[in-house]
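**Student:** Chains A and B, in that order, give the protein sequences. In terms of our numbering, the first sequence has 35 at position 35, counting the first letter as 1, and numbering is strictly consecutive. In terms of our numbering, the second sequence has 1142 at position 142, counting the first letter as 1, and numbering is strictly consecutive.
What the hints contain is simulated information worked out from the structure, not anything from laboratory work. It is possible that some hints are incorrect.
[What the hints assert, rightly or not] Residues from chain B that keep clear of chain A, each with C-beta distances beyond 10 angstroms, as calculated:
1. Arg1007
2. Arg1012
3. Ser1024
4. Pro1028
5. Pro1067
6. Arg1092
7. Gly1133
8. Ser1146
9. Val1178
10. Thr1192
11. His1203
[Unchecked claim] Reference excerpt, derived from the structure (chain A facing chain B, CB under 7 angstroms, subset only):
12. Gln170
13. His177
14. Gln183
Treat the numbers as computed from the prediction; the structure is a model and nothing was measured. C-beta: ideal position from N, C-alpha, C; glycine also.
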Amino acid sequence: MSSSRLCWPTPNGLPAPGPSAILAACVLLLVISASSVELDLVRLFNAIPRMLEFGGHLLVMPDWEYLPTLGVNMLQTIEMTFLATSIALIISLPLGVLAAANASPHPMVFHVTRNLLTLMRALPELVWALVFVSAVGLGPLPGIMALSFVTVGFMGKFFAESIEVIDLRQVEGVAAHGAGWLQLRTFAFFPQAFPDFVGTVMYILDHNLRAAAILGLVGAGGIGYDLVMAMRMFDYDRLLPIALSIYVVVTALDRLSDRFRRRLI
Amino acid sequence: MSKIIIRDVAKRYANGFEALKGVSAEIPAGSFTVILGPSGAGKSTLLRTINGLETPTSGSVQIGEHPVTHASLREVRSQVGMVFQHFNLVDRLSVMTNVLTGRLSHRSWLGSLLYLFQRCDMDIAHDALIRVGLTDKAWNRADKLSGGQQQRVGIARALAQQPRVILADEPVASLDPVTSEEIMGLLREICTRDGITIVVNLHQVEWAKRFADRVIGLNAGVVVYDGAASSLDRATLSRIYNRNGDQVDEQLETMLAYA
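In isolation and in its complexed conformation, chain B is listed as follows (with noise of 0.2 angstroms):
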């Protein structure tokens, strides 16, 4: 639904490591993103500087009409959703109270010092649950579910706040393949059904290549790839996971026979 423009982006962490080395991209609204690379590419940078967990160094994003800055921080993440690897649900508060912190943008402060909702958001929190098949455990502790049934959770938070975009940072990466097929299952048919603007972080190249609309590969902190799923061959994906400028090593050529 909406729209998200990265400038020239560059973030270098205070020990010095450069995570991003000025990348731009432009996700058009509705489309489905995977963004794959290396581990410490950069790709999880550069998803938590979409809704401002990270401060870009350099460069800006902006999501539709709203830059991306720390006074618009509130406002922006009202319109993100977001999917964690280790799901970041707190733990000790039922899967309902967990969904329902998706709407708590809506909510005043002095409501929730008393963890008050409003009736409507109960009914929203009760249709993400449906979405995602949990309407069963909604009174369950957090903690009490299985991980794949954390990230369903996740996702449902995510679905609660109505958001424009979602974001989802490796969200199969704790969980087992048919799981994982599950999730990504769920999160394609949330862009597809409701237009939402989905940017996943995977490692999975055969996922990509299944779900994606869109793939942009990042290579130490560098857009090394930016196009259509599709179009990966096993050069463009050798130029993805190449390390240092070495020699294609054998594991990779193992991974890319697969993909």
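Chain A on its own, in the form it takes in the complex (with noise of 0.2 angstroms):
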């Protein structure tokens, strides 16, 4: 036996049993679940002339006379994300508190906020958005409720979950000179959080946008009516811009983000 063999960093140099189970009863799920949702090879490979044929549509020329449209329904978009993501981030800044073990005044707060905010992203944006339709008509501000709704639901997970991990020590440097328990969490847990509280922002910046690019699907303002309707109605010198002004905003997001970030962390 050459002392070159490869083995594993275990006792025996075999592959550790626990996570060799998991490994394998994951691949075992994945292969009963493609064939119970029809992932099927063989249609896929005759589906490509038809996909060839969608794409050659969309080549054609833009609808010029579209574009003013086109930009006013996507500053909306743009518009229903910031003040959404605003109006979440001034909720879910409290509820993160009272949802981190750390910082929360009781446990029994604890769990009640966890289970509120677990109950708030438990639906998607789109579901809220109907119920939100229903109650106060169309337009965008059911969409801005539905996804104010739900970014609470995440933002405040995240929130507490970034309380969750700050150094105690510094924490308790500031409670021996007598800060109170407000005090405290503005001046021991906050800066610590911080850095966490901005990346999470940014990137439900990003999800909000796309989230609020769909939302139009059910009447809820924004960009995604148009979207569904060229869809429908075979638009395709319509469909191209859209797909494609929603895709340069979503970059352009994803840089400023970039770039803020770095200057802040």
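Put the two chains together into one complex, using the hints given.
**Tutor:** As structure tokens, this is what we get:
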């Protein structure tokens, strides 16, 4: 037996039984589920000509007269994104503190807040938008409400998790000098969790922009309505500009957030 | 400025470890006291029961006229500053803001939500920074400073609250010898000039002898010596650093030789 024989860092050199079993179970699950969702390679292969045909339709001269409307609707989508994220941010900050095990005033409050946040993000934006559209009528308002609602669910959870990993020694340093409950949270917890907060907000802005782009599907404002209509009416000359504009805005936001984050952290 | 009375304080942690087994001591106002003892003797626990960072299992602590209880915690802490081994500054805040956190017990929660202080707080914090010689670093981020500088900020934070007592838990254990001497000198100067009662946990016998008025020797949760720093002799030191009644080992002999 040569000494260069490959082995794993376990007592006997064989793969660890626990992880191997989990990996095997995952592969098995994938194989089983592939057939139940009709993931069929033959069908996929046969669909290639149709996909090419659809792709060909996209390459038409854009509908120039539609562009101003596209701009207005895109602007509305961006406004919805920023408004919903800002509203959610204001609500999530206190909820995040209540939902963090080390900052919550009482275990009871912690559990209730955690469950509330789970409930808020349990259903996707589109479903909440349906609910709010039937409550307040069509337009961007129900879209903003739905977006804020789900965002609070995510942001509150992310904030709580950033608060939970902070260094308690720094908290003790402030606590030992007689700071009160809320003062501890603003002066010792918040500064430490801040870089994570910024990262979270940037990620969620990105996510919300894409979410806002499809809320129009159920009549909750934004570019989504145009997108669906263009799809249904085979208005290929509108489809490509819409998709492109979403791509451009998402990319721009991504660049912006990168630069912003680097300056702050 | 305030005397500290410790009565039969015992502390047993949740894991069953008995850190303090009935410690009593009276620390006079305006004195400089050093608590000596090997690691795990209960020095930190004792110091932390004084400002309520630890709650004693039995016994009580009194600072000036105030007994340290859960209800009086904020009141007590507003008069007791603390200096830590690892400085415990808020890394991302500026030096000035860290020093200003020493003023928080005098400010309302509403103003603090917006990081608001009063002009007089700024003046007090500025004076504290002058005392420790760090005015030029006031607006630097705390974690950009060296260890010695961070400890000075820690002392400035304690000073800014204009305390009656300063507790220092191994304030020089993570610093080099020269910086350590500066820090000890600074604490001694604060004690002498402002008359603030200072209690310091230390490893170094040498510094206890040089800076302290009084030494409390702690071993395995029991006070084994309580008296003037000047009358610390070899017999006493070997009693303080004795482990489980074993013979004094070689390392200790070497250490005592230098003491």
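**Student:** Run the C-beta distances from Pro1067/B to all of chain A and say if the shortest one exceeds 10 angstroms.
**Tutor:** holds (16 angstroms)
**Student:** Arg1092/B clear of chain A by more than 10 angstroms, beta carbon to beta carbon?
**Tutor:** With a cut-off of 10 angstroms, Arg1092/B comes too close to chain A, as the shortest Cβ separation is near 4 angstroms.
**Student:** Verify this label for me: His1203/B is non-interface relative to chain A, using a Cβ-Cβ cutoff of 10 angstroms.
**Tutor:** holds (19 angstroms)
**Student:** Taking the shortest Cβ-to-Cβ distance between Val1178/B and chain A, state whether it exceeds 10 angstroms.
**Tutor:** holds (24 angstroms)
**Student:** Verify this label for me: Ser1146/B is non-interface relative to chain A, using a Cβ-Cβ cutoff of 10 angstroms.
**Tutor:** Per Cβ check, Ser1146/B is outside 10 angstroms of chain A; nearest 18 angstroms; holds.
**Student:** Are all C-beta atoms of chain A more than 10 angstroms from that of Arg1007/B?
**Tutor:** Nearest chain A Cβ is 22 angstroms from Arg1007/B, so the label holds.
**Student:** A closest beta-carbon separation below 7 angstroms is what the hint needs, so does Gln170/A meet it against chain B?
**Tutor:** Where the cut-off is 7 angstroms and the nearest Cβ of chain B is about 5 angstroms from Gln170/A, the hint holds.
**Student:** Taking the minimum C-beta separation from Pro1028/B to chain A, is that value above 10 angstroms?
**Tutor:** holds (22 angstroms)
**Student:** Ser1024/B clear of chain A by more than 10 angstroms, beta carbon to beta carbon?
**Tutor:** holds (23 angstroms)
**Student:** Taking the shortest Cβ-to-Cβ distance between Gly1133/B and chain A, state whether it exceeds 10 angstroms.
**Tutor:** Given a closest Cβ separation of 21 angstroms, the condition holds.
**Student:** Regarding the assertion that Thr1192/B does not contact chain A, is the least Cβ-Cβ distance greater than 10 angstroms?
**Tutor:** holds (23 angstroms)
**Student:** Should the label of Arg1012/B as a non-interface residue stand, given a Cβ cut-off of 10 angstroms to chain A?
**Tutor:** holds (21 angstroms)
Going down the numbered hints, you'll see the structure goes against just number 6.
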